[in-house]
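A.B. asks: Fit chain L to the known structure of chain A by using the hints.
One-letter residues, chain by chain:
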Amino acid sequence: AQSVTQLDSQVPVFEEAPVELRCNYSSSVSVYLFWYVQYPNQGLQLLLKYLSGSTLVKGINGFEAEFNKSQTSFHLRKPSVHISDTAEYFCAVSDPGGTSYGKLTFGQGTILTVHP
Amino acid sequence: DGGITQSPKYLFRKEGQNVTLSCEQNLNHDAMYWYRQDPGQGLRLIYYSQIVNDFQKGDIAEGYSVSREKKESFPLTVTSAQKNPTAFYLCASSPPRLRGTDTQYFGPGTRLTVL
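Sequence order for the protein chains is A and L. So the first sequence is numbered by my numbering: it starts at 13 and just counts up by one. So the second sequence is numbered by my numbering: it starts at 94 and just counts up by one.
No lab work stands behind these hints: they were computed from the structure. Any given hint could be a false lead.
[To be verified] Only pairs whose alpha carbons sit at most 30 Å apart, straight line, appear in this in silico BS3-like list of lysine-lysine:
| no. | chain 1 | residue 1 | chain 2 | residue 2 |
| --- | --- | --- | --- | --- |
| 1 | L | Lys176 | A | Lys61 |
| 2 | L | Lys107 | A | Lys61 |
| 3 | L | Lys102 | L | Lys150 |
| 4 | L | Lys164 | A | Lys61 |
| 5 | L | Lys102 | L | Lys176 |
| 6 | L | Lys163 | L | Lys150 |
| 7 | A | Lys81 | A | Lys70 |
| 8 | L | Lys102 | L | Lys164 |
[Said to hold, decoys possible] On the chain A side, residues computed to face chain L include the following (Cβ under 7 Å):
| no. | residue |
| --- | --- |
| 9 | Ala13 |
| 10 | Tyr44 |
| 11 | Pro52 |
| 12 | Gln54 |
| 13 | Gly55 |
| 14 | Ser106 |
| 15 | Phe118 |
| 16 | Gln120 |
| 17 | Ile123 |
| 18 | Val126 |
| 19 | Pro128 |
[What the hints assert, rightly or not] Pairwise CB distance ranges, derived in the manner of DEER restraints:
| no. | chain 1 | residue 1 | chain 2 | residue 2 | range |
| --- | --- | --- | --- | --- | --- |
| 20 | L | Pro201 | A | Lys70 | 22 to 32 Å |
| 21 | A | Ile95 | L | Pro189 | 30 to 40 Å |
| 22 | L | Gly109 | A | Gly65 | 27 to 37 Å |
| 23 | A | Val41 | L | Pro201 | 43 to 53 Å |
The beta carbon of each residue, even a glycine, is placed where N, CA and C say it ideally should be.
Okay, chain A solo, but in the shape it has when bound:
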């Protein structure tokens, strides 16, 4: 079975500072990895995804993530955050070779709060 751990439940940061949101997963097989963002009382929006190829993935709103197979991590980074980045961020994993059609396993979420 797969599992996802987001190591920080809350991350406060000042505007224009860099930020890293950490995600580790456990799986015995190769995986697809995703980061989603959720603004208050809204659905989830895809930020970026890793399927294969380059381990550095760029997404929307200036975010990027790096897949590290040896450390089973997929940390999300942004070099300079804005107030508008305040939201909850979810890491998710799926098993592309499994029989569970497109099922995603989500982490518990990290609330990013950007202060002026």
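C.D. replies: Just chain L now, with coordinates in the frame of chain A:
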């Protein structure tokens, strides 16, 4: 515009009543999903459907039921057997898996409050 719609956005019900949450998509996606979200617990899968007239239980199916009579629609019924139904419910869909990705697209959610 293509997307997923959920209605209503807010729903209030008395304890002991069944309630049905609507989810409609016009993305021509085969698979659809229902999740429950509680603070600090991430998203937990309730039911999913890969094709019309077929669906499978997720991790927390007890007290819920679904139907998939049309490709576009995947309604969720929260029954009186669900012991703690107050939560934020999210519907999602994904394209055929042969396209090589498991990306899910989410609706705006329904916040259910049981009084």
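A.B. asks: Against each hint, give a clear statement of whether it holds in the structure.
C.D. replies: These are the hints, each one checked on the structure:
1. Lys176/L with Lys61/A: Judged against 30 Å, a Cα distance of about 35 Å means the pair is violated.
2. Lys107/L with Lys61/A: violated (41 Å)
3. Lys102/L with Lys150/L: The hint holds at about 24 Å.
4. Lys164/L with Lys61/A: This hinted pair holds, its Cα atoms lying about 26 Å apart.
5. Lys102/L with Lys176/L: holds (22 Å)
6. Lys163/L with Lys150/L: holds (18 Å)
7. Lys81/A with Lys70/A: holds (17 Å)
8. Lys102/L with Lys164/L: Measuring from Cα to Cα gives roughly 22 Å; hence the hint holds.
9. Ala13: Since chain L brings no Cβ nearer than about 10 Å to Ala13/A, farther than 7 Å, the hint is violated.
10. Tyr44: Status holds, d = 5 Å.
11. Pro52: violated (11 Å)
12. Gln54: Status holds, d = 6 Å.
13. Gly55: This hint holds: Gly55/A lies near chain L, its Cβ roughly 4 Å from the closest one there, short of 7 Å.
14. Ser106: holds (4 Å)
15. Phe118: For Phe118/A, the interface hint holds, since the closest Cβ of chain L sits about 4 Å away, which is under 7 Å.
16. Gln120: holds (4 Å)
17. Ile123: violated (9 Å)
18. Val126: Status violated, d = 20 Å.
19. Pro128: Result: violated, 25 Å to nearest chain L Cβ.
20. Pro201/L with Lys70/A: 22 to 32 Å: Roughly 26 Å apart at Cβ, these two residues keep to the hinted range, so it holds.
21. Ile95/A with Pro189/L: 30 to 40 Å: Between Ile95/A and Pro189/L, where Cβ atoms are some 39 Å apart, the hint holds.
22. Gly109/L with Gly65/A: 27 to 37 Å: Violated, since Gly109/L and Gly65/A (Cβ atoms, about 53 Å apart) do not stay within the stated range.
23. Val41/A with Pro201/L: 43 to 53 Å: violated (33 Å)
Hint violations for this structure: numbers 1, 2, 9, 11, 17, 18, 19, 22, 23, all remaining hints satisfied.
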